[in-house]
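Q: Sequence:
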Amino acid sequence: MSRVWILIIGAVTISFLLICLVGFVRDGQRRRSKRDRNPWE
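Residue 39 in this note's numbering sits at position 22 of the sequence shown, with consecutive numbering throughout.
Because the hints were derived from the structure by calculation, they are not lab data.
Between beta-carbon pairs, the in silico distance windows are:
1) S19 <-> S50: 41 to 51 Å
2) M18 <-> R48: 38 to 48 Å
3) S19 <-> V39: 27 to 37 Å
Even for Gly, the Cβ is constructed at its ideal location relative to N, Cα and C.
All chains should be modelled from the sequences, with the hints used to inform the complete structure.
A: If you want it as structure tokens, here you go:
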């Protein structure tokens, strides 16, 4: 039973970290592309 809970908590934590990482990378790419399109703004 405890092993199942550890697996569930681990899976939730990993998926949460992946979602945060993907959102951070997308935000960085969006800022970078904006900066490349108009560098004088």
